[in-house]
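Trainee: Now for the letters of each chain:
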Amino acid sequence: MGRFNVSNQYKAIVIGGSAGSFQGISRILSALPTDFELPIILCLHRLKHVRNGFVEALNIKSAVLLEEPEDKENIKKGKIYLAPSNYHLCVELGNTFALSTEEMVNNSRPSIDITLETAAYTYRNRLIGILLSGANKDGAWGMKKIKDRGGLTIVQEPSECMIDTMPAAALSLTPVDYVLTIGDIIEFLKELDRKYKQ
Amino acid sequence: MQQEIEIVDLRRLTEVIKNKYNYDFSNYAMSSFKRRVQRIIELYKFASVDALIRKLSEEPPFFREFLSEVTVNVTEMFRDPSFWREIRDHILPNILLNHSSVSIWHAGCSSGEEVFSMAILLKEMGILDKAKIVATDIDVDVLQKARSGTYPLKNMDINQKNYVRFQGNQSLDRYYREENGKAILDKSLVEGISFREHNLVSSAVFSKFDLILCRNVMIYFNQNLQNTVLKMFHESLFKYGYLIVGSKESLIWCEIANKFIVVNNEEKIYKKIKD
Ligand SMILES: C[S@@+](CC[C@H](N)C(=O)[O-])C[C@H]1O[C@@H](n2cnc3c(N)ncnc32)[C@H](O)[C@@H]1O
Chain A
1 MGRFNVSNQY KAIVIGGSAG SFQGISRILS ALPTDFELPI ILCLHRLKHV RNGFVEALNI
61 KSAVLLEEPE DKENIKKGKI YLAPSNYHLC VELGNTFALS TEEMVNNSRP SIDITLETAA
121 YTYRNRLIGI LLSGANKDGA WGMKKIKDRG GLTIVQEPSE CMIDTMPAAA LSLTPVDYVL
181 TIGDIIEFLK ELDRKYKQ
Chain B
1 MQQEIEIVDL RRLTEVIKNK YNYDFSNYAM SSFKRRVQRI IELYKFASVD ALIRKLSEEP
61 PFFREFLSEV TVNVTEMFRD PSFWREIRDH ILPNILLNHS SVSIWHAGCS SGEEVFSMAI
121 LLKEMGILDK AKIVATDIDV DVLQKARSGT YPLKNMDINQ KNYVRFQGNQ SLDRYYREEN
181 GKAILDKSLV EGISFREHNL VSSAVFSKFD LILCRNVMIY FNQNLQNTVL KMFHESLFKY
241 GYLIVGSKES LIWCEIANKF IVVNNEEKIY KKIKD
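For the record, the sequence lines run as chains A and B.
Read left to right, the first sequence gives residues 1 to 198 (the working numbering).
Read left to right, the second sequence gives residues 1 to 275 (the working numbering).
No lab work stands behind these hints, which were simulated from the structure alone.
Do not take every clue at face value.
[Unchecked claim] Which chain B residues face chain A? A few, computed with CB under 7 Å, are given here:
(1) A29
(2) M30
(3) S48
(4) V72
(5) E249
[To be verified] The following label-pair restraints were derived from C-beta to C-beta distances:
(6) M104/A <-> E179/B: 25 to 33 Å
(7) E67/A <-> K45/B: 35 to 43 Å
(8) G181/B <-> E67/A: 36 to 44 Å
(9) M162/A <-> E58/B: 50 to 58 Å
These numbers were taken from a predicted model, which means no experiment stands behind them.
Every residue gets a Cβ at the ideal spot worked out from N, C-alpha and C, and that includes glycine.
Make a model of the complete structure from these sequences and hints.
Mentor: Laid out in C-alpha cells, this is it:
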C-alpha cells in the first residue's frame with residue numbers, strides 16, 4: 001500500500017494552472033510513466049491569440065505526447081489533452097470534448113472553472129482535480145464542484161507556488177483532500193498509476 | 001438559483017420550446033447548452049428551470065430574448081488571421097480560375113464581424129463586385145447588429161491586431177469611423193450582402209455556393225446534429241466547392257467525410273469532391 005492509499009475508481013484527471021505553473025506542469029509531465037493509464041486534461045491560462053507554440057513547448061519535456069483536442073473528439077485512456085487557445089474546453093456526457101467560444105470566465109478563455117465543472121458533471125466521483133500556481137481565482141469554483149460531486153481534489157502547496165492566489169482561493173472555498181508540492185503530486189500520480197497496473 | 005440543472009430539466013425545456021415555437025435544441029451540446037440556460041436563469045432571476053419554462057409557455061415575446069441569450073454570439077474580425085490569409089492567397093484565386101464570380105455563404109454569421117472581414121478581404125483583392133454573399137443566423141438580434149455594422153470601440157483593439165496579422169494592405173481604421181464610443185463600419189462594404197434569418201437545424205437547402213463558412217457554430221451541436229447539418233452543407237455546395245469550419249472542428253469523424261478532401265488541415269478547409 002502506498003503513501004496516499006489511493007483507489008482505482010478514477011476515470012480522468014484534470015489539471016488547472018496559470019501564472020507560475022509552467023515549470024511545475026513541465027516537471028509533472030516529464031516524470032509521468034510513458035504508459036500512464038488515465039486521460040489527463042490540462043487547462044492552463046495562455047495567450048489568447050497565439051494558436052501555436054504552447055503545446056510544442058510542453059511537449060519538449062513531456063513523457064506522453066500532448067494534444068489539443070478537436071470538438072467532439074473522444075477522450076481516450078493514456079492521452080494528455082491541452083485546452084486550445086481562445087476556446088473553453090468542456091467535457092461532454094458520453095466522454096467526448098466539446099469546445100466553446102463563450103464569453104470569458106474570470107477573464108479567461110479557456111477558463112479552468114469551466115473545464116473542471118463540466119468534467120465533474122460527467123465523471124462525478126471518478127475525477128481527480130489538481131490546481132497549481134496562478135494569479136487569479138479561476139479554478140476555485142471548479143474545485144468545489146469536483147469536491148461536491150465526490151471527486152478527489154489536490155492543490156499545490158501555496159508556499160511553493162510562484163503566485164499562490166489560485167490555490168489559496170480554492171482552499172478558502174472548499175475543503176480539499178491534499179495540499180502537495182509538485183514532487184508529491186508526482187509521487188501521487190505514480191502511485192495512482194501503479195494501482196491500475198496491479 | 002442554487003440547485004444544479006439536471007438533464008431531465010433540459011429535456012423538458014427543449015420539449016416545450018419545440019412544441020410551442022418549433023425550434024429544436026434537443027441536439028445541442030449538453031455542456032454549453034446547460035451553461036447558457038443557467039446563465040439565463042441567473043440573468044432574469046428565475047427561481048428554477050420550471051419558472052423559465054412557465055415564462056416561455058405564457059409569454060411568446062420572451063422567446064426572442066431567450067433565443068438571443070441561449071446562443072453564443074462571441075466573434076471577432078479576422079479571427080485566426082492565418083486562415084484569412086489562406087482564403088486570400090489560395091482558395092479564392094483557385095475558385096476564380098474557373099469562375100467569373102464567387103458565391104459565399106456565412107452560416108452562423110453572428111454580429112457580422114466575419115462577413116465584414118470577408119468584404120474587406122475581397123475589396124483589397126479588387127473582387128468585391130464579383131462576390132455574391134449570403135449571411136445567415138438563427139438570432140435576429142445579431143443579424144440586426146450585422147446589418148448596422150456598429151461595434152463597441154473596445155472590440156476594435158483585437159480586430160485591429162488580427163487584421164495586422166492577416167497582413168491586410170491598409171490599416172483597419174480606413175474601414176470605419178468612430179462615433180460615441182462605437183466603431184461604425186463602412187456600409188458600402190456590405191451593400192450587396194443579404195443578411196437573413198435561417199435555422200441550420202430545420203431548414204432545407206436554399207441555394208448552392210462555391211464557398212461555405214460555418215465556423216464555431218457546430219461546436220454547439222452534438223454529433224448527430226453535426227452530421228445532419230453537414231449533409232445539408234454538402235448539398236448546398238457546387239462540386240469542388242469549399243466548406244470551412246472552425247480551427248478546432250473536424251470533418252474526419254462525420255458520416256460524409258468521404259465526399260470531401262482535406263485542402264488544409266490546419267485551417268480546416270475541405271473541398272467537396274463527390275455528389
Ligand atoms: C460563436 S458564433 C460564430 C460566429 C463566427 N462564425 C465566428 O466564427 O466568429 C455562433 C453563431 O451561431 C449561431 N447559431 C447557433 N445555432 C444556430 C442554428 N441552429 N442555426 C443558425 N445559426 C445558429 C448563433 O446565433 C451565433 O451567432
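Trainee: Of the hints stated earlier, which fail here?
Mentor: 3
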